[in-house]
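Participant: Start from the sequences, fold in the hints, and give me the full structure.
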Amino acid sequence: MKLPALAAACTGLFGLATALAFFYAPTDADQGLSQRIFYFHVPLALTSYVCFGWGAWKALGYLRTRRESADLESYVAIHQGVIFGALTLLTGSIWARISWGVWWSWNEDQLVLFLVLFLFYCAYFMLRFSIEPGPARANMCAVYALFGAVLIPVSFLAIRLSKRFIHPVVFNSHGPQMTGAQFLTFCVCLAAMLGLFATLYAIELAGKRLDGSLRELKELLR
Amino acid sequence: MNNYPADVAALARKDLLLELRAKETLPSMLLFVVATLTIFHFALPRGTSDVAARGLLWSALIFTALLGLTRAFVAEREQSMFDALILAPVDRSAIWLGKAIAVLAFLVAAEVVALPAFAAFFHGLDGRTVAAVALADLGICSVGTLFGAMAVAGRARELLLPLLFLPMAIPIVVGGVGGYLWFLALYDAIFALLSWAAFEYVVAEV
Amino acid sequence: MTQSEKYTAAAYLVVFLAVLVYVVIIGSKLQRLQRELAQLVEQVRENRADG
Chain A
1 MKLPALAAAC TGLFGLATAL AFFYAPTDAD QGLSQRIFYF HVPLALTSYV CFGWGAWKAL
61 GYLRTRRESA DLESYVAIHQ GVIFGALTLL TGSIWARISW GVWWSWNEDQ LVLFLVLFLF
121 YCAYFMLRFS IEPGPARANM CAVYALFGAV LIPVSFLAIR LSKRFIHPVV FNSHGPQMTG
181 AQFLTFCVCL AAMLGLFATL YAIELAGKRL DGSLRELKEL LR
Chain B
223 MNNYPADVAA LARKDLLLEL RAKETLPSML LFVVATLTIF HFALPRGTSD VAARGLLWSA
283 LIFTALLGLT RAFVAEREQS MFDALILAPV DRSAIWLGKA IAVLAFLVAA EVVALPAFAA
343 FFHGLDGRTV AAVALADLGI CSVGTLFGAM AVAGRARELL LPLLFLPMAI PIVVGGVGGY
403 LWFLALYDAI FALLSWAAFE YVVAEV
Chain C
429 MTQSEKYTAA AYLVVFLAVL VYVVIIGSKL QRLQRELAQL VEQVRENRAD G
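Chains as they are written, first to last, in the numbering used here: chain A, 1 to 222; chain B, 223 to 428; chain C, 429 to 479.
Worth flagging that the hints you see were computed from the coordinates, not collected in a lab.
Model, not experiment: these values are computed from the prediction.
What you were told as hints is all true, and nothing was included just to trick you.
Listed next, the in silico DSS-like pairs over lysine-lysine satisfying Cα-Cα at most 30 Å (straight line):
| hint | chain 1 | residue 1 | chain 2 | residue 2 |
| --- | --- | --- | --- | --- |
| 1 | A | 2 | C | 457 |
| 2 | A | 208 | A | 218 |
| 3 | A | 208 | A | 2 |
| 4 | A | 218 | A | 2 |
| 5 | C | 457 | A | 218 |
| 6 | C | 457 | A | 208 |
So these bits of chain A aren't anywhere near chain C, every CB distance computed over 12 Å:
| hint | residue |
| --- | --- |
| 7 | 16 |
| 8 | 104 |
| 9 | 110 |
| 10 | 115 |
| 11 | 118 |
| 12 | 119 |
| 13 | 126 |
| 14 | 132 |
| 15 | 156 |
Yeah, the Cβ is synthetic: ideal placement off N, Cα and C, and Gly gets one too.
Facilitator: Below, the structure is given as structure tokens:
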């Protein structure tokens, strides 16, 4: 899809999503206005998973085909995933602050999982920038990205298990089932977030490819 | 020549013999784990529960393992033995398995001292914890060996390995402290398989 | 605004700002690329003039 069209679609979706979230969706009986954070927080989280999954998929593709573009695409996807992940943690923290007055809650599976993933994928960047660019680095980053994807479900299970022996905090995390209007708003917000990922991904890729071409041009003209 | 078990055994024996002569890694690990447990005694307030103390055992084990893992590939890197190993007619994954077995040996040797020390310093040990430690060792060595090879390829190798390894160690600690043996076994199965399969890509181009 | 409303607005604002920061980064990158490209075009012109 052409980049300007993609960006325009994303902008439109986002406008619609924000409007729906604030004006259309009904106010939650329990949590009031703060529940609207969910319309951003959860789509951010889901989009992060998509980012990491896409990064792992491209990594697998790189290991099979050894195309340099697959390595770049994997890297960009994971970069986006970390950004969306950081936003998930930030919005989640703010929501925890509203709901329970604390900036962090170990009881929230999603938040804890994201913390673990955040640590893991930040290490991805440490790895990437400590090795000279080349096929060796691409190989290792691809393997690491695959490990990350497998780690997601394993960590989730671990976090669920850990709650049995960590002191349980009695907080009510989620409200009742979503109504129709809420669900529609949620879906639009999710689509908007995924659209944002797609747009930013395309932009970042284009930027990096431009960089690469320019460098090549410089070499040729030397 | 293409005898996989023999290759693995030869590689593991090489590492063990090197350590026997150098006597660097294992003594450090032993000293480190006992010192760490001592520090933890001072770090814990009075009346701490059993579970908390057990948690600290796992912390001590993870960090001791990291110590051993960091040393595991440094010798190869510094003496460019990697190239020689890769040129040798062995399956790349045999390198991983041989190294993992050697690291496992070091870790178990350290635990032979650490576990009784823990039992003496804190509360006793039950069979479940020992079984959990055994299972966890497999996971730690599998993943740690793979990541150790990656870390050594980079510049800040001692800094990099803990960063790479610790997020992966979180499920191990959960399984260990909670005593979820089935979970540890599942972790081991998944990640040992993945490490075994992925290692050849990690050393493909050095 | 109540406390919770403030925090909700803050959450949305955080996301908004993050995206804007990204736009700034892309903008500066674009400028840099433009400059380098202009330099290279200059270089090609010189090469043509000499050769």
